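J.: Modelling step: build the complete structure from the supplied sequences, incorporating the hints.
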Amino acid sequence: MPTPIPTPVRASVLAALAARVPPAAGRPVLVGVDGVDGAGKTVLADELATVLRAQGRTVVRASVDGFHRPRAERYARGRSSPEGFYLDSYDLDALRRELLEPFAAGGSRRYRTAVRDVATDRVLDGAPATAPDDAVLLVDGIFLHRPELAPWWDVSVFLDVPFAVTYARMAVRDGCPADPEDPANTRYREGQRRYLRSVDPARRATVVVDNADPAAPVLVRADAVPA
Numbered sequence: 361m362p363t364p365i366p367t368p369v370r371a372s373v374l375a376a377l378a379a380r381v382p383p384a385a386g387r388p389v390l391v392g393v394d395g396v397d398g399a400g401k402t403v404l405a406d407e408l409a410t411v412l413r414a415q416g417r418t419v420v421r422a423s424v425d426g427f428h429r430p431r432a433e434r435y436a437r438g439r440s441s442p443e444g445f446y447l448d449s450y451d452l453d454a455l456r457r458e459l460l461e462p463f464a465a466g467g468s469r470r471y472r473t474a475v476r477d478v479a480t481d482r483v484l485d486g487a488p489a490t491a492p493d494d495a496v497l498l499v500d501g502i503f504l505h506r507p508e509l510a511p512w513w514d515v516s517v518f519l520d521v522p523f524a525v526t527y528a529r530m531a532v533r534d535g536c537p538a539d540p541e542d543p544a545n546t547r548y549r550e551g552q553r554r555y556l557r558s559v560d561p562a563r564r565a566t567v568v569v570d571n572a573d574p575a576a577p578v579l580v581r582a583d584a585v586p587a
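Counting from 1 along the sequence shown, just add 360 to a position and that's the residue number in this note's numbering.
No lab work stands behind these hints: they were computed from the structure. As the structure is a prediction and not an experimental result, all values here were calculated from the model. Positions of the beta carbon are idealized from the N, C-alpha and C atoms, including for glycine. Do not take every clue at face value.
[As the list claims (entries may be wrong)] Each pair of labels, with its calculated beta carbon distance range: (1) R456 to T490: 29 to 39 angstroms; (2) A436 to D583: 24 to 34 angstroms; (3) R387 to P537: 19 to 29 angstroms; (4) A436 to P368: 40 to 50 angstroms; (5) E433 to A582: 14 to 24 angstroms; (6) A384 to P511: 12 to 22 angstroms; (7) R421 to A479: 31 to 41 angstroms.
T.: Here it is, written out as structure tokens:
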């Protein structure tokens, strides 16, 4: 999604999101920004990081896209498999080990934000960085409310945007067909539909934002619904 032109409405929503991030209480705060492909997760997370930093907070930005599994594993069920997209795209063990656990209570604070370059399929083995105890870890990505990940977030945001809008955005960004129902989109569309049906991330999230119009996002809900 292109960087939206700042508007008072968007600034107000970002301020409301920042207000939902609690002070660190002896350990970092973990925040997840979820949504389907093209929902505007990375843009919003970057903007939220800017707001939090302006408030004097230390923010570590990361994306689940730094934790893809090897290409052979991602496509083991076939290149058009929705199940493969949902179940096999990400190395959740590495995400937990290298990023989430270090920021949790009792964690080492030594973390890495990526373990693989998805474009080249190359392993990344850079030295870990160290975060302070009062940091905010702000992670964006798809599938962040799946059962393996949902318990990690102190605050989570779900960007609610219909496929008709997200695929129009991705047609410009990535060159994919703008029609969500185009056969070329089957792997990604149906993998994400499985996630939406089975997990209901809008229900699990702390905050739900309608981001269909980036200039005028709407804060739909700001409290998690009990399971």
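J.: Work down the list of hints and note, for each, if the structure agrees.
T.: Evaluated hints:
1. R456 to T490: 29 to 39 angstroms: violated, 18 angstroms
2. A436 to D583: 24 to 34 angstroms: violated, 39 angstroms
3. R387 to P537: 19 to 29 angstroms: violated, 44 angstroms
4. A436 to P368: 40 to 50 angstroms: holds, 48 angstroms
5. E433 to A582: 14 to 24 angstroms: Cβ of E433 to Cβ of A582: about 38 angstroms, so the range 14 to 24 angstroms is violated.
6. A384 to P511: 12 to 22 angstroms: holds, 19 angstroms
7. R421 to A479: 31 to 41 angstroms: Distance hint for R421, A479 is violated at roughly 19 angstroms.
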